[in-house]
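Starting from the known structure of chain R, fit chain A onto it as the hints suggest.
The listed protein sequences derive, respectively, from chains R and A.
Here the first sequence is numbered in my numbering, starting from 115 and rising by one per residue.
Here the second sequence is numbered in my numbering, starting from 5 and rising by one per residue.
The set of hints was computed from the structure by calculation and includes no laboratory data.
Treat the hints with caution; some may be incorrect.
Unchecked claim - Distance condition first, Cα-Cα at most 25 angstroms in a straight line; then the derived SDA-like pairs of lysine to any residue: (1) A/K332 - R/T243; (2) R/K508 - R/E468; (3) A/K10 - R/G481; (4) A/K123 - R/P438; (5) A/K316 - R/K508; (6) A/K332 - R/G481; (7) A/K316 - R/G481.
What the hints assert, rightly or not - Chain A is faced by these chain R residues, among others (derived, beta-carbon under 8 angstroms): (8) R152; (9) H214; (10) A352.
From the three backbone atoms N, C-alpha and C, an ideal C-beta is built for every residue, glycine too.
Residue-level listing of the chains:
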Amino acid sequence: MRRQRSVDVLVVGAGPAGLAAAARLAASGAGTVEVLERDARAGGVPRHCHHGGFGRWGVTGPQYAESLVEAALGGGAAVRTGVSATGWAGPLCLETTGPHGLERITARAVVLATGARERPRSARLVPGTRPAGVLTTGELQQAVHVYGQEIGTRAVVVGAEPVSYAALSALRRAGVEVAALVTEETRAQVGRARAASTRLGVAWVPLLTGAVVTELLGRGRLSGVRLRRRDGRESVLACDTVVFTGDFVPDHELARRGGVLLDPGTRGPAVDGSFRTASPGVFAVGNGVHAVEPARVAAGEGARVAEAVRGHLGGAGWPSGGVPVVAETPLRWVAPNRLVPGAAGGRFILRTAEALGCPVLVVLQDGRCLHRQRVRRRVLPNQGLYLSGGWVGKVDAGGGPVRVVVG
Amino acid sequence: MTVTTKGPLPSEPYDVTVVGAGVVGSAIARELAGHHRLRVALVEASGDVGDGTSKANTAILHTGFDAVPGSLESRLVREGQRLLAAYAAESGIPVEPVGALLVAWDEEQLAALPGLLEKAEANGYNGARIIDADEVRSREPHLGEGALGALDVPGESIICPWTTTLAYATQAVRGGVDLHLNCEVERVGSWESPPAPAPAPPPDSDSDSDSASSGGSVCHELTTSRGAVRTRYLINAAGLHADVLDRRLLGRGEFTVTPRRGQLIVFDKLARDLVRHILLPVPTALGKGVLVAPTVYGNVLLGPTAEELDDKRATGTTEDGLAGLRAKGRRILPALLDEEVTAVYAGLRAATEHDDYQIHSSPEARYITVGGIRSTGLTASMAIAEYVVGLLADAAGPDLDLTVAGDLDPVGMPNLGEAFPRPYQRADLIATDSAYGSIICHCERVTRGEIRDALISTVPPGSLEGLRRRTRARGGRCQGFYCGAAVRELFDGWGESGAAC
Chain R
115 MRRQRSVDVL
125 VVGAGPAGLA
135 AAARLAASGA
145 GTVEVLERDA
155 RAGGVPRHCH
165 HGGFGRWGVT
175 GPQYAESLVE
185 AALGGGAAVR
195 TGVSATGWAG
205 PLCLETTGPH
215 GLERITARAV
225 VLATGARERP
235 RSARLVPGTR
245 PAGVLTTGEL
255 QQAVHVYGQE
265 IGTRAVVVGA
275 EPVSYAALSA
285 LRRAGVEVAA
295 LVTEETRAQV
305 GRARAASTRL
315 GVAWVPLLTG
325 AVVTELLGRG
335 RLSGVRLRRR
345 DGRESVLACD
355 TVVFTGDFVP
365 DHELARRGGV
375 LLDPGTRGPA
385 VDGSFRTASP
395 GVFAVGNGVH
405 AVEPARVAAG
415 EGARVAEAVR
425 GHLGGAGWPS
435 GGVPVVAETP
445 LRWVAPNRLV
455 PGAAGGRFIL
465 RTAEALGCPV
475 LVVLQDGRCL
485 HRQRVRRRVL
495 PNQGLYLSGG
505 WVGKVDAGGG
515 PVRVVVG
Chain A
5 MTVTTKGPLP
15 SEPYDVTVVG
25 AGVVGSAIAR
35 ELAGHHRLRV
45 ALVEASGDVG
55 DGTSKANTAI
65 LHTGFDAVPG
75 SLESRLVREG
85 QRLLAAYAAE
95 SGIPVEPVGA
105 LLVAWDEEQL
115 AALPGLLEKA
125 EANGYNGARI
135 IDADEVRSRE
145 PHLGEGALGA
155 LDVPGESIIC
165 PWTTTLAYAT
175 QAVRGGVDLH
185 LNCEVERVGS
195 WESPPAPAPA
205 PPPDSDSDSD
215 SASSGGSVCH
225 ELTTSRGAVR
235 TRYLINAAGL
245 HADVLDRRLL
255 GRGEFTVTPR
265 RGQLIVFDKL
275 ARDLVRHILL
285 PVPTALGKGV
295 LVAPTVYGNV
305 LLGPTAEELD
315 DKRATGTTED
325 GLAGLRAKGR
335 RILPALLDEE
345 VTAVYAGLRA
355 ATEHDDYQIH
365 SSPEARYITV
375 GGIRSTGLTA
385 SMAIAEYVVG
395 LLADAAGPDL
405 DLTVAGDLDP
415 VGMPNLGEAF
425 PRPYQRADLI
435 ATDSAYGSII
445 CHCERVTRGE
455 IRDALISTVP
465 PGSLEGLRRR
475 TRARGGRCQG
485 FYCGAAVREL
495 FDGWGESGAA
505 C
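Here chain A stands alone, though its shape is the one from the complex:
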């Protein structure tokens, strides 16, 4: 198991390198990890996995009912939903099938519902139906005045985006992938390996076609902030920066990423009883609009805004953005606005000038771009990974041995979901280890045992923020008033003395 955060990188070329350890890149690395004969690297500019657009997702496991029928996105979201739902159940990723209501607030929106129902059916989703105002009211008693009807989409679920990315990365690393963090790709060039005598085949090998050891081949050479990474095949899952890497490698680009900022407000757990479904707006020409949704952690989410920006680092919230969200939220769920806010944040979607995902294979360049993956990328991630590895197999042919796919050891992720027992509620767990009965973060009820487990896990957090995404410590209503210093003590103390926890 290899995760590196600093220092030199291995000089031996990789067979495949995935750039970007977001939810998509991590899913691809995990898929490749199933192919035991490949040397695979996952390189990430940040100090943690899922630290870019993935961490600020709206956390919905979509049915794909509202995708553009016939698009690649529609297909991969539909397949990905099925794959991820099964994977989540197996890995302990919290998912709650709460269902969604697309609420119509005026006659025009009401008139749009039948079209949306048809679209859902065209996307292969047959569970939707239109409900009247009375049913909307009885299903969501705290909804604001004036809802005229809704499209009921019972298949929509909420999911934990952080655990999903972490599960992929963990399984990839345990499956032999090298994860290199703090490793920003600065340049891309090529490198020709010196001809070398082929090593003797392993005694148990019956393969005689292993091209990786033939030497004299041309590799991509990625110049990173930590030195060179050499790789025979390259997969670009760099999210917001996918277009830049694309141009560097091909000299031309298929698309331009224009970050679309989404600001969100997270309300306290005490607000959770106010909302039962994901409350979606009826999409208009201006975009998908602002939703109110429960989270698997027991909070309520209000957002996102949609702002086209030039700056790929502009992840700040704004006065206007937050005021606009509050105004919209007040109409949807008036009582929500009286509740305390636990977090405000902004994420950037990797939007492009195209409607669909931008997944392109360039066999001659031994390169695949996985770009333009917007908020549905979480849902579609496993299907994208399967699709991309299929493209890689086509592009590489016999040059890469992608035929031998073994099973990865299953992962069991720590549960952050309120719908499932958390360690502080489990007498059995506390009886075996009292650290699970010692609550450090009171708002989120995170125990010393969970913090310790995260700090010694396969992909440990590189920062307090990373620890928060793994455990929720410091993520509650007090934002560290009670536990901040204690959590930092555990985080800082771990490296120096293993006994700190």
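Same shape as in the complex, but just chain R:
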């Protein structure tokens, strides 16, 4: 019933990471390279982001997505859209569903580039009724930019991260008045210029800090959200639309279904510096590993994984075991999170759970200090936080876990 096929490299996900990996692999003669995309079109999330700031020249999301697709096709990769990877039939064999039927595709290497998604209202356990008008930025942007749908008349945006401001601009484009941005943090998690620009735009949008949405109200359609301020005061903000932004999680379903070891911090596949998972032949890159970094970071990882994939195809051994890298409170996670001999170096991406003023990051193994690094700025949750990887050579391959702590 299922058609059987074989390829050299199977990439799951035609977003920036997957397309960049496919482009580099196909162009460098890695054999047959195929990208599966479950959406009807390739390009990933940038297609829905009609704002600038993508790539090196500040192009818009759709332009950036198009250039990635062209590069992959130009390199000779096959990009198949409308095809979903639904499960595994073997360690390197995926089952797929598409309009042309069911397949079982065996590869010599699988690259998971499945991306991330925003956690919706339910996963955030926001109580109340279940009215219409409750969205994530992802749904909002598609509704506005792809389908031109009616959204509502007055919205509240939950979050004040870059993605929250992207939601704000999508709402404005759809002609929706924005009642407020609401964040639990003490300030917006974007540059002051961007935060200020929302106040100088078409309409002034208040930013409510230290505030949490505690209940959704209304039946049929949203009628308002209940807010609780840090001092315990409660109020109701009338609106017919609420957009839950940020709080990204890796889309790890396929990895989990395939028994790929996950990192408890990122909740994406645990990877080493060469993006190798604990499952031989399976690589993972991009925001499916560590939600969420800008598209160019994901694409950069896609380009960098190509060398390791070629090494694997060339018969290089697959490292087993390795030393885990763990981030300790108040840090939430670190990626890559496995250290194996011979893996590429590069930088580590971290997130903090609480605001930190100019923190010192300390890398320890078995009581030994491997590295200290001062971050010369204030770091907020969900903001990029990076650690250079020059210390990797000092790690004892037979030692205990490497811990990243705030010194």
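Relative to the frame of chain R, chain A by itself:
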């Protein structure tokens, strides 16, 4: 086939009108549809069937092992379980016989198990037995520490409540019942039809006792949000509002509905491997308590709470409710709490001051109340319907021709269950129609073909929520992050251009 959602209602009187298209009302309408000579209406205040208490059921097909022995509920649950299990197999309603364990967490609960075993036997259920802590552990390896033993009830199953209600309503409509949605009953009065000459009997009819055409009879007149519905007999299956209708009609009421809210948390499909059985608490004086159960869709359910309320519209969840559920769930199945939540919701049970179902016939008023049907109503629905139609036959006598019961055409419902092949897994189906290979909702793997089928079905969804209950589209872990806009496009586009799907 008639389903109306707006506009005027037929002026000709119905023989029987059922108020409330929940699982019970729909089952009764379906049962009546088997009697071809009756004109039957099913009227529903909401824009969809099963949109009240029925949609928020805990989705268990009960054996009735823990009912009050000798009660009407005990009997109807036992009969209904058998009827619905057979109907589900015939109609494609997903059912999984996973069995239940009533887990004892302390000595007092352990000591209660033999009594529960006796009760099960008194209810005619002989499959239960008590198992020790080791067996509990081997049967449920992810269970929290400290379980002392359990009552094993292998006959308990999980079922899809949405498909069940929809199957009844679909079959009723195909069998000739008029389903009127968005039709809230506001007042009940009486109406006397003008005497009219009896129409000539149909040529193939050998009946000469057709009282429906005699004219001059008194009907109930229901004033609804869409105008008047006239009916000779009235069946009240209005769920939470059954007591209000009861009082309006009889001037007195047999019971008062005090909504009992149940909040529930639905965990992601990736949590499904953590639990094998329906994990029930040992009932205490405080009620049945919180359960952990798999769903036929492959999720895991944690709940419900039990809160007595005054407000029949208070279907919201609360901070305290969800926190309490999480605390209880952590004890039962600790690893569950690390999984993502796909939905939180609350349902209201139609609880009354009585322990048993409140099914009363008032022959002189040509009226039957079907009230106080709580969470076992899903299981008992078909037996309730048979029982109610029996009461109707007794009440009406020769006035209603309930003798001629034909067979209804079987229905084949779309499968939402993970234990059975879904369209995206079926090469044969995709080969005949590529729309079944085009996955729109990725988390739940709902295809364009299934969404199209739901939109053109006998009882089409009136909202995106209704579409979700028919297909699961937008019901998964991303809650529309990926597919929300695309699904809405299909939903909105269908009415305007049939080619949208």
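Hint check:
no.	hint	result
1	A/K332 - R/T243	holds, 22 angstroms
2	R/K508 - R/E468	violated, 29 angstroms
3	A/K10 - R/G481	violated, 74 angstroms
4	A/K123 - R/P438	violated, 54 angstroms
5	A/K316 - R/K508	violated, 66 angstroms
6	A/K332 - R/G481	violated, 39 angstroms
7	A/K316 - R/G481	violated, 61 angstroms
8	R152	holds, 6 angstroms
9	H214	holds, 7 angstroms
10	A352	violated, 17 angstroms
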